[in-house]
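Residues per chain are reported as follows:
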Amino acid sequence: MEVLRIATAGSVDDGKSTLIGRLLYETNSITTDRLEAIHKASQRKGIDFVDLSLLTDGLIAEREQGITIDVAHIYFQTPKRKFIIADSPGHVEYTRNMITGASHAEVSVILVDARLGILDQTHRHYYIAHLLRIPNVIVCVNKMDLIGYEEEKFRAIEKQFTEFANQIKAADQYIQFIPISSLYGENITKRSEKINWYKGPALLEVLESLDASPKESKARSRFPVQYIIRPRTEEFHDFRGYAGRVASGQFITGDSVTILPSMRTTTIDKIYQYDQVIAHADTRQSVVITLKDDVDVSRGDMIVKTGEEPEQKKELDADICWLNNEPMTGTKTYLMQTGTSLTKAKIASVEYVKIPSTLEQLPATALKMNEIARVKIKTAKGVASDTYKENPSNGSFILIDEYSNNTVAVGFLN
Amino acid sequence: MSSNKKEFPRALEDEAIYILREAAAQFERPAILFSGGKDSITLVRLAQKAFYPGKIPFPLLHVDTGHNFPETIVFRDWLVEKTGVDLVVGYVQDDIDAKRVAEEKGKFASRNTLQTVTLLRMIEEQKFDACIGGARRDEEKARAKERIFSVRDEFGQWDAKNQRPELFEFLNGRIKPGENVRVFPISNWTELDVWNYIKEEELDIPSIYFTHERDVIIRDGVLWPISDFIYRDADEEIIKKKVRFRTVGDMSCTAALASEADSLETIIDEIISATLSERGTRLDDKRAEAAMEIRKVSGYF
Numbered sequence: 295m296e297v298l299r300i301a302t303a304g305s306v307d308d309g310k311s312t313l314i315g316r317l318l319y320e321t322n323s324i325t326t327d328r329l330e331a332i333h334k335a336s337q338r339k340g341i342d343f344v345d346l347s348l349l350t351d352g353l354i355a356e357r358e359q360g361i362t363i364d365v366a367h368i369y370f371q372t373p374k375r376k377f378i379i380a381d382s383p384g385h386v387e388y389t390r391n392m393i394t395g396a397s398h399a400e401v402s403v404i405l406v407d408a409r410l411g412i413l414d415q416t417h418r419h420y421y422i423a424h425l426l427r428i429p430n431v432i433v434c435v436n437k438m439d440l441i442g443y444e445e446e447k448f449r450a451i452e453k454q455f456t457e458f459a460n461q462i463k464a465a466d467q468y469i470q471f472i473p474i475s476s477l478y479g480e481n482i483t484k485r486s487e488k489i490n491w492y493k494g495p496a497l498l499e500v501l502e503s504l505d506a507s508p509k510e511s512k513a514r515s516r517f518p519v520q521y522i523i524r525p526r527t528e529e530f531h532d533f534r535g536y537a538g539r540v541a542s543g544q545f546i547t548g549d550s551v552t553i554l555p556s557m558r559t560t561t562i563d564k565i566y567q568y569d570q571v572i573a574h575a576d577t578r579q580s581v582v583i584t585l586k587d588d589v590d591v592s593r594g595d596m597i598v599k600t601g602e603e604p605e606q607k608k609e610l611d612a613d614i615c616w617l618n619n620e621p622m623t624g625t626k627t628y629l630m631q632t633g634t635s636l637t638k639a640k641i642a643s644v645e646y647v648k649i650p651s652t653l654e655q656l657p658a659t660a661l662k663m664n665e666i667a668r669v670k671i672k673t674a675k676g677v678a679s680d681t682y683k684e685n686p687s688n689g690s691f692i693l694i695d696e697y698s699n700n701t702v703a704v705g706f707l708n
Numbered sequence: 016m017s018s019n020k021k022e023f024p025r026a027l028e029d030e031a032i033y034i035l036r037e038a039a040a041q042f043e044r045p046a047i048l049f050s051g052g053k054d055s056i057t058l059v060r061l062a063q064k065a066f067y068p069g070k071i072p073f074p075l076l077h078v079d080t081g082h083n084f085p086e087t088i089v090f091r092d093w094l095v096e097k098t099g100v101d102l103v104v105g106y107v108q109d110d111i112d113a114k115r116v117a118e119e120k121g122k123f124a125s126r127n128t129l130q131t132v133t134l135l136r137m138i139e140e141q142k143f144d145a146c147i148g149g150a151r152r153d154e155e156k157a158r159a160k161e162r163i164f165s166v167r168d169e170f171g172q173w174d175a176k177n178q179r180p181e182l183f184e185f186l187n188g189r190i191k192p193g194e195n196v197r198v199f200p201i202s203n204w205t206e207l208d209v210w211n212y213i214k215e216e217e218l219d220i221p222s223i224y225f226t227h228e229r230d231v232i233i234r235d236g237v238l239w240p241i242s243d244f245i246y247r248d249a250d251e252e253i254i255k256k257k258v259r260f261r262t263v264g265d266m267s268c269t270a271a272l273a274s275e276a277d278s279l280e281t282i283i284d285e286i287i288s289a290t291l292s293e294r295g296t297r298l299d300d301k302r303a304e305a306a307m308e309i310r311k312v313s314g315y316f
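Sequence lines, in order, name chains A and B.
Residues 295 to 708 in my numbering are what the first sequence spells out, letter by letter.
Residues 16 to 316 in my numbering are what the second sequence spells out, letter by letter.
Bear in mind the hints are in silico, worked out from the structure with no lab data behind them.
Computed from a predicted structure; not experimentally measured.
Don't be surprised by glycine CBs; every beta carbon is placed ideally from N, CA and C.
A hint or two may mislead.
What the hints assert, rightly or not - Simulated crosslink set (BS3-like; lysine-lysine; CA at most 30 Å straight-line):
{"hint": "1", "chain 1": "A", "residue 1": "K334", "chain 2": "A", "residue 2": "K374"}
{"hint": "2", "chain 1": "B", "residue 1": "K70", "chain 2": "A", "residue 2": "K564"}
{"hint": "3", "chain 1": "A", "residue 1": "K339", "chain 2": "B", "residue 2": "K176"}
{"hint": "4", "chain 1": "A", "residue 1": "K640", "chain 2": "B", "residue 2": "K176"}
{"hint": "5", "chain 1": "B", "residue 1": "K21", "chain 2": "A", "residue 2": "K599"}
{"hint": "6", "chain 1": "A", "residue 1": "K374", "chain 2": "B", "residue 2": "K214"}
{"hint": "7", "chain 1": "B", "residue 1": "K20", "chain 2": "A", "residue 2": "K626"}
{"hint": "8", "chain 1": "A", "residue 1": "K334", "chain 2": "B", "residue 2": "K120"}
{"hint": "9", "chain 1": "B", "residue 1": "K21", "chain 2": "A", "residue 2": "K509"}
{"hint": "10", "chain 1": "B", "residue 1": "K20", "chain 2": "A", "residue 2": "K586"}
{"hint": "11", "chain 1": "B", "residue 1": "K64", "chain 2": "A", "residue 2": "K374"}
{"hint": "12", "chain 1": "A", "residue 1": "K564", "chain 2": "A", "residue 2": "K374"}
{"hint": "13", "chain 1": "B", "residue 1": "K191", "chain 2": "A", "residue 2": "K509"}
As the list claims (entries may be wrong) - To spell it out: a stretch of chain B is covered by chain A in this simulated footprint if at least three of its residues, at any positions, have a beta carbon under 8 Å from a beta carbon of chain A; those stretches are:
{"hint": "14", "stretch": "66-73"}
{"hint": "15", "stretch": "175-182"}
Pulled out of the complex, with its shape left as it was, chain A reads as follows (with noise of 0.2 Å):
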């Protein structure tokens, strides 16, 4: 069974909320307890719906206080898939926890109200698939039943959208437009007969039907060492192989590999999931390589197909997003994650912030948190890795504080 990932942003009134408790509810996806545990919850507060938005706002502060703040996850499934849906706030200052939602998603639900038309909001969510590179991007224009499931008005909140959005798309992102009610239900997990003059399937029949396989599948091969599995015990006394996750492409048994950054070159000897020997692995498959000359490879290492190389690089080109309090400054230096490589780096220099909502690029030096920008940065030890559009999984990378341990910033290479 196939696993498709979902991101979602809105602020509290966008019908978010409605929408994602409507599909639970007509999965069958919530249990009578959890819905009169909400009910209960929706009482307490005072407000004389069942509000939904208590479904996903776990914590004691966001149910105090009506807002979303961190990523939620939540669970749903069909007899076609199972969906996990990244619920993210949706306001400025939570950009973070966006991007953070999206660095897992195969699609991107925006929403946009049908009476406010495209905002400011509409657009940072945008740039956000759109920095992220996700494949499909779906726009429920919701709260239909408001303004009487006229078709003009979606026509043209259809139109605005496409226009803000061609200045920047990639080709292969595909933008899909779904007119519906999360209240009532129209056009969520079946077609709305009120909303006749669209012609489209309903959001579920969408992602039902998404292409869900990671673009990683068709880009090079890259597999960075996690572990080294060295058993040293009668039945496997010389064994001695290299754990991973295949972040790209696929390996096969007798397959030339070169070893980076060493450069040596050697061949799969056997492929092993568990206590399997398999032929091959794909992208995403959690297996251990092992080779048939004795090399040295440590975690941080990674085994590509020879031809196959990435260049090392020590002078990158990237876009980040800053994600820690503490503002960046230049002169400091970062641990710099790519796959499980770490080195330490410095940024350069900024050439510009972007406005997401804008598309403005204004000059910089420092960055805040939730800001996103392009810059120039400098590796202590070469990097390879290629860029994010070819290969998602090793054209990101994240920055680490040495001295916090946070994880401060998220990149992609360009």
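Since the structure of chain A is already known, use the hints to place chain B on it.
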């Protein structure tokens, strides 16, 4: 894409194995929190797979409240012998005897909250820098906010509002001395995923998950298993019922479920059609709306 609710999504196993290997690589001394329940049994299986043909590179840590179902202890010892993994046990009774904690009193007394103190003591004594747990995000709303690598301070506290961001596959487990990390490899699994996995992997589980006849009392509409560890009013009548357990905690905080399910197949059918959530039988969660969050803040997993 012909699949249904009775098939385990294998991508979740690859993810869990990846997380376990990150834990082994990044920490000096991790341990698997083992309760004898289905989730920790699943973790042991995943760890076997992650490090094969090597042995599991961490011990099991069992926090023993002294109020266990006897069947779980029998099962634990059998599993330890079968897999050859090391077992470390921390006893809540030791903390009670040393007056670090006091036994709760009254009708609803449970040792559930006391075990946090024992867990933190074991982490300190054994110098564990990471504890791998079987908690899942779908279980409970505070757990839905949890990271895969959850950094805890010296007092084991969870700072829910200030969690380390987790992007893509990156798991940053760097900590300062005294801090520790809780690692949750099956974060993205649901209860159904766990059962489908147990079925497909043919894992053994304690007998109390299957239907059996047991003495219970009905209190507030909930079936409480009779044991030496729960208080019973004189007017509460003991009845015999066909029950099973959906989660396994202490005998004093785990309610039974009237059920005829006697096989993994029937358990899975029961869960697919259930109207009660998994932790609906956990009396420890029913104490307050935010009972789980409050316990997590004070060091629970």
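Status of the hints after comparison with the structure:
no.: 1; hint: A:K334 <-> A:K374; verdict: 33 Å, violated
no.: 2; hint: B:K70 <-> A:K564; verdict: 19 Å, holds
no.: 3; hint: A:K339 <-> B:K176; verdict: 22 Å, holds
no.: 4; hint: A:K640 <-> B:K176; verdict: 29 Å, holds
no.: 5; hint: B:K21 <-> A:K599; verdict: 37 Å, violated
no.: 6; hint: A:K374 <-> B:K214; verdict: 20 Å, holds
no.: 7; hint: B:K20 <-> A:K626; verdict: 51 Å, violated
no.: 8; hint: A:K334 <-> B:K120; verdict: 28 Å, holds
no.: 9; hint: B:K21 <-> A:K509; verdict: 27 Å, holds
no.: 10; hint: B:K20 <-> A:K586; verdict: 42 Å, violated
no.: 11; hint: B:K64 <-> A:K374; verdict: 28 Å, holds
no.: 12; hint: A:K564 <-> A:K374; verdict: 34 Å, violated
no.: 13; hint: B:K191 <-> A:K509; verdict: 37 Å, violated
no.: 14; hint: 66-73; verdict: holds (count 5)
no.: 15; hint: 175-182; verdict: holds (count 7)
In this structure, the earlier hints numbered 1, 5, 7, 10, 12 and 13 are contradicted, and the remaining ones agree with it.
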